[in-house]
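So the sequence lines, in the order shown, correspond to chains E and X.
As numbered in the UniProt record's numbering, residues 1 to 469 make up the first sequence, in order.
As numbered in the UniProt record's numbering, residues 1 to 469 make up the second sequence, in order.
Hints were generated in silico from the structure; no laboratory data involved.
Keep in mind it's a predicted model, so treat the numbers as computed, not measured.
Check before you lean on any hint, since a few could be wrong.
Any copy will do: because identical chains look the same in the list, a pair fits if it lies in one copy or spans two.
Stated by the list, open to error - Keeping only pairs whose Cα atoms sit at most 20 Å apart, straight-line, the calculated SDA-like set for lysine to any residue is: (1) K223 <-> G365; (2) K268 <-> E349; (3) K268 <-> L350; (4) K264 <-> D360; (5) K82 <-> T229; (6) K409 <-> L169; (7) K290 <-> N198; (8) K290 <-> F194; (9) K256 <-> E401; (10) K284 <-> H249; (11) K226 <-> N198; (12) K284 <-> H325; (13) K226 <-> G365; (14) K268 <-> T352; (15) K84 <-> K268; (16) K284 <-> L327; (17) K142 <-> Y253; (18) K284 <-> S323; (19) K290 <-> E353; (20) K268 <-> G346; (21) K226 <-> F194; (22) K290 <-> E349.
Protein chains: 2
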Amino acid sequence: MSGEDAPAQQQNAVDQKQETKPTEEPKTEPPKTESPPAAAAEAAATPAATTEKVPEEETFTYRALVLTGYGGYDKVKLQVKKGKPTLKAGEVLVRVKACGLNFADLMARQGLYDRLPSPPVTPGMECSGVVEAVGEEVTDRKVGDKVMVLNRFGLWQEVAVVPANHTFLIPEGMSFEEAAALPVNYITAYMMLFDFGNLRPNQNVLVHAAAGGVGIAATQLCKTVKDVTVFGTASASKHETITQGGVTHAIDYRTKDYVEEVRKISPKGLDIILDPLGGSDTHKAYNLLKPMGKLITYGAANMLAGQKKNLLAVAKNWYHQFSIHTLSLIQGNKSVCGFHLGYLDGETELITEAMNTILDFYKEGKIKPRIDSTWHLEQVGDAMRKMQERNNIGKVILTTEPMPEEEKKEETKKEDKKEDKKKEDKKKDDKKKDDAKKEEKKDDKKKEEPKKEEKKEEENKEEPKKEEK
Amino acid sequence: MSGEDAPAQQQNAVDQKQETKPTEEPKTEPPKTESPPAAAAEAAATPAATTEKVPEEETFTYRALVLTGYGGYDKVKLQVKKGKPTLKAGEVLVRVKACGLNFADLMARQGLYDRLPSPPVTPGMECSGVVEAVGEEVTDRKVGDKVMVLNRFGLWQEVAVVPANHTFLIPEGMSFEEAAALPVNYITAYMMLFDFGNLRPNQNVLVHAAAGGVGIAATQLCKTVKDVTVFGTASASKHETITQGGVTHAIDYRTKDYVEEVRKISPKGLDIILDPLGGSDTHKAYNLLKPMGKLITYGAANMLAGQKKNLLAVAKNWYHQFSIHTLSLIQGNKSVCGFHLGYLDGETELITEAMNTILDFYKEGKIKPRIDSTWHLEQVGDAMRKMQERNNIGKVILTTEPMPEEEKKEETKKEDKKEDKKKEDKKKDDKKKDDAKKEEKKDDKKKEEPKKEEKKEEENKEEPKKEEK
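Hey, can you work out the whole structure from these sequences and the hints?
Structure, rendered in structure tokens:
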């Protein structure tokens, strides 16, 4: 429930970190502010190649992403750790295949998330992989089990030690990427909608950031209930996708006032509002509630402005933070709830119950995680940027698959291009406004994306063979 | 939803009130502060006798309780109104048999409830009776239907005009008293537990004032769900009754710290807390919640101290009023809800849905309103006192049956006795503390109660015959 019963894996993670040789830190890279992946990639190149072939206790090494300090994307570095983690009773060792990125990871990087211990520390709340060893007293997991994992942190690495009851068996037909995309977003959406929200037929729901991980999960879960209307906010370019995914009314929050748009269609207001934004948007949401309506706030994305901590944004969010008197709640017949999965560790029973229902939905074909893009560990900075700049539709995934040499070269070229691009951007900055600039960056990136996606798919085809061995 | 769509019956009530002859106000009674019923009874004696036999439009009269100004129990007076109310489309005229008392009525008398228009006005949010006339466009109610009624106010009178969709058919075997006891308490408890609370098997619930109307309804409704644990607060003398009624752990809030008592049994805290108290108790409740717990606050009973508005109590309640930041909700994974049925008028669909489930529970024998005591309209002051001093176990009911002459004489004697009693009390007051005094008063009253209850039962036996005509 509290920090006291933090999972054993955390302590391991810390131990491992201390075993990391300082010489493995990237040295050759000149100080950069926005292009860490190349640096990290170089640092990790040699050890990565040897990881799979030398599993002996003493020479056991694995790659891990480490948050080295609070700040921009470059603060997450790829390091090589040495020494096979030991298992305590009730724990399992998971060979990680894919990891999910979450908003909390972005907040954590800026020092805005208190569930992550101080750097240096390995972030990552969810992953998928294969059980490689089981500790004593573990009865329901065995070596070779494909599992997805939910943990407070520490999963962005090739090997993770976690309590067995933090793992869930991956059902038939679910890929490792899907499995890494599922836990945080779907449990969050499920508990908000079905526990706090008590969603029932004919109700209407507002889903902010409907193209994000939680947004897509929430939309799909809403559709498991009869005649639920989903209002979803997203920039216009994402409307087609989210509408196909189940959003009834897509609203472009950049060009329209979402409150007005909702009122046009539902003058009485809304039954459930999922609010990841915080600040003044929480006030708007509260006023948009019907009697017996539920506002469920689960983040403060408005605090994230830019890649480093933006004190003005934080202060503004704090200043506008929603505070509510019971008298107002009584007279309005309203409910205000707060949710964050990161503060629910210890509630294994609740989480397992939710996960079982979610997996049933998956087996029945009612839900399916949508993967936006998959990135190598070396590309974690780009992956985070894509999410933070809201250029994703669905989940951003990291894969632990080693990066092919030719791709690394390409990556370096891209980094150079990005540098040029940045310079160009800076010039344009004087003429154009922020929003317009973002749109352009996004378009440029989109052109690059399909190539990456295709390559990824080829790699995926190979993967199942390896596991069958 | 708001005051704009207040039921038509309210306007009628106001019209009727204006037709009341000022000469019907009690004149002969010397000014008293605490014994209005006798006065009101005298005033109403003659018209009451003629009500049933002269139903012609012009000479139509009926008795009505009227709040004449904010203050003590004597501010609610029994008056006789003249002129048959006219029906608008969609309305029905109900011949009222029994009325329920609610905490909001007590708050209203002190001027602490903004859903009741300014005095003079007839209070009363619920009643039962027989449909005597139907307006145009009413298709689902007919003359002779036995109904229970839920309205914003205006039901403490012999005749009430209400929208047909504010009435619910009384099921077979339910007495008028039970029917008058049901709507407010059971809909309130139902919506709090099953809509906001999302009550599920194995959960635990704290019910404050577990011997009160909502408390008993909530306890019974909790028991419709498998393995729900109910913590109920009440003074020790009521423990046997509430335990028999379904409370798992009865806690004497007068002698024990209920927070400690709950923690002893459920160290992790509670899933649902129903809080009618407000002020500092809301803070305690919030801290007692488990992760994913729901605090549902539905009143500010702590504001009621004494029969007249107690500015200190009001100020204290205001000062301690619970206010919550979203950040705390997020980190705690908690929900804070406010509920008040009085602000839900207009939400006919929600209310009808809840009522249908409640009536199903009744038919299945899962719930049964518990009547504490039944009082004549003339005794409304005593009835309110009983409730406000927390001497009731279950619902306090008013009946519109005329008071038998011999009972009236007894009543007058009792009033005299009470005056003596009060003088005695004042003397004792110097020696004893407030609490002790209340306990004694309660005991005295209990001795008188059984007689009244027996008489009531005899009257009830006669009633069904009349209705069959």
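Intra- versus inter-copy proximity for N198 and K226 (alpha-carbon distance at most 20 Å): This pair counts as both: shortest intra-copy Cα distance 13 Å, inter-copy 18 Å.
At most 20 Å between alpha carbons: which applies to K268 and L350, within, between, both or neither? Cα proximity of K268 and L350: across copies only (14 Å, versus 33 Å in one copy).
Cα distance capped at 20 Å. Does K290 pair with E349 within a copy, between copies, both, or neither? This pair counts as between: shortest inter-copy Cα distance 13 Å, intra-copy 32 Å.
Is the C-alpha distance from K290 to N198 at most 20 Å within one copy, between copies, in both cases, or in neither? Intra 14 Å, inter 18 Å, cutoff 20 Å: intra and inter.
How would you label the pair K84, K268 (within, between, both, or neither) given a Cα cut-off of 20 Å? Intra 59 Å, inter 36 Å, cutoff 20 Å: neither.
Homomeric proximity label, K284 with S323: Cα distance no greater than 20 Å: Answer is both: 13 Å inside a copy and 18 Å across each meet the 20 Å cutoff.
Is it within, between, both or neither when you check K142 against Y253 at 20 Å Cα-Cα? neither (48 Å within a copy, 52 Å between copies)
Checking an output row: K268 and E349, CA cutoff 20 Å. Within, between, both or neither? Classified as between: cross-chain Cα gap 13 Å, same-chain 37 Å, threshold 20 Å.
Up to 20 Å CA-CA - L327 versus K284, copy category: both (18 Å within a copy, 17 Å between copies)
As a check of your reading, is K256 near E401 (CA-CA no more than 20 Å) within one copy, between copies, both or neither? neither (42 Å within a copy, 61 Å between copies)
Taking 20 Å as the upper bound on the Cα-Cα distance, should K290 and F194 be classified as within, between, both, or neither? Both, since 18 Å and 17 Å are each at most 20 Å.
Should K268 paired with G346 be assigned to within, between, both, or neither, using CA atoms and 20 Å as the limit? Only across copies: K268 and G346 sit 11 Å apart there, 39 Å inside one copy, limit 20 Å.
Comparing the model with each numbered hint stated earlier shows that hints 4, 5, 6, 9, 15 and 17 do not hold.
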